[in-house]
Amino acid sequence: MLDALLNAMGNAFTPEMYLFWTRIECSAWTLADVVIVFYLVRLANAARRVLNQDPHVFSYIILAATIPLAAFIPLAPTGGVILLIELAVTIPHFLLILYVLAKDARSFAAALHVLAQPR
Amino acid sequence: MRDVYSQILRTAGLESAGLFWIGAELAILFMMMAARRHVQTRPLPPRLELRYSEKRRARTWAYCFLLLAVIFLGRHPINALTPIPQDVSTLLIGRVRVHLAVWSGFITAWVVLEVAIVYQGLRGYLALKALIGPAASKTARPAKPSAAMLCLAGVFLLHAAAPAQILLAEARSANQVYYNAMYLYLRLAGVVWILAEWVAALILWRAYVLIASAARRTESADA
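Taken in order, these protein sequences are the chains called E and V. Quick note on the numbering used here: the first sequence kicks off at 1 and runs consecutively. Quick note on the numbering used here: the second sequence kicks off at 1001 and runs consecutively.
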């Protein structure tokens, strides 16, 4: 039975289908990544505004620089190219997320304390 | 011979990237858990301070991650130093299968970590809403979403992981069928990943709206 299942799965899902679905899935999660990083930076900036601190600008520039690369994913000819684009896009995204979280965790806590005060 | 060494370099590079993503997800999960705990603390502390248990958790996770990285990446230098046998194709096929098994494990780890981040994010968002939302009750405890979402993700992952477990134990089929079935598992895991990512994006957007409107209310009250 396991052999039959394995063979059925393997025969039904060809390398061409894998590449087709990889393009679609990769585009979908990369777009979600862009939205996540964008709103994380906006969230950090909203907290920084409450404390009268300068907003992030460089983070937006880094995010914007990854968008043209991400737009190329649906057109990538091979899985290897998709992987290279993914590396070039998601590594800056992850580093940005970690940077914003590490840099602004305390600012966010302080801003929240201000916003939570009864008025 | 060049094929053997280029394969080692390629798989080591790819697995290093995979480990970077796992490490980054672990760090994000750690920060989300600390942030969620902070927002749920009453009275709300003015500063975010890590507790002793959180510092210990950070150390434990870091050690476990480093150990896993050494185990997964350590086999590549060993492979490079092992004498190459006559039957190179069998050697390469065997190593590709190990790499695919490792890669499917990495993908499962990303999905589990991402779902955990989303779960922590959702709880944090609900606590934030109870704290500074328009109808916030300063003493109300945040609603705790049921663990149904995690259970659902767990059941899906178990179902999705089953083919990989079969594949790990079953190496009798033709190579292409094996690869195709493994690739299908990767794409199924990708569906859960996409869902988790979009839920995370939605939570962040809502959190931003919440903070921005609370800031506007505060500004107009202060004016």
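Source of the hints: derived by calculation from the structure; they are not laboratory data. Treat the hints with care, as some may be off.
[Unchecked claim] What the simulated footprint calls covered on chain V by chain E, stretch by stretch (three residues with Cβ under 8 angstroms from a Cβ of chain E suffice, anywhere in the stretch; the number is not a length): (1) 1046-1056; (2) 1112-1119; (3) 1191-1202.
Backbone N, C-alpha and C fix where the C-beta goes; we use that ideal spot for every residue, glycine too.
Status of each hint after checking the structure:
no. : hint      : in the structure
1   : 1046-1056 : holds (count 3)
2   : 1112-1119 : violated (count 0)
3   : 1191-1202 : holds (count 7)
Checked against the numbered hints given earlier, this structure breaks only hint 2.
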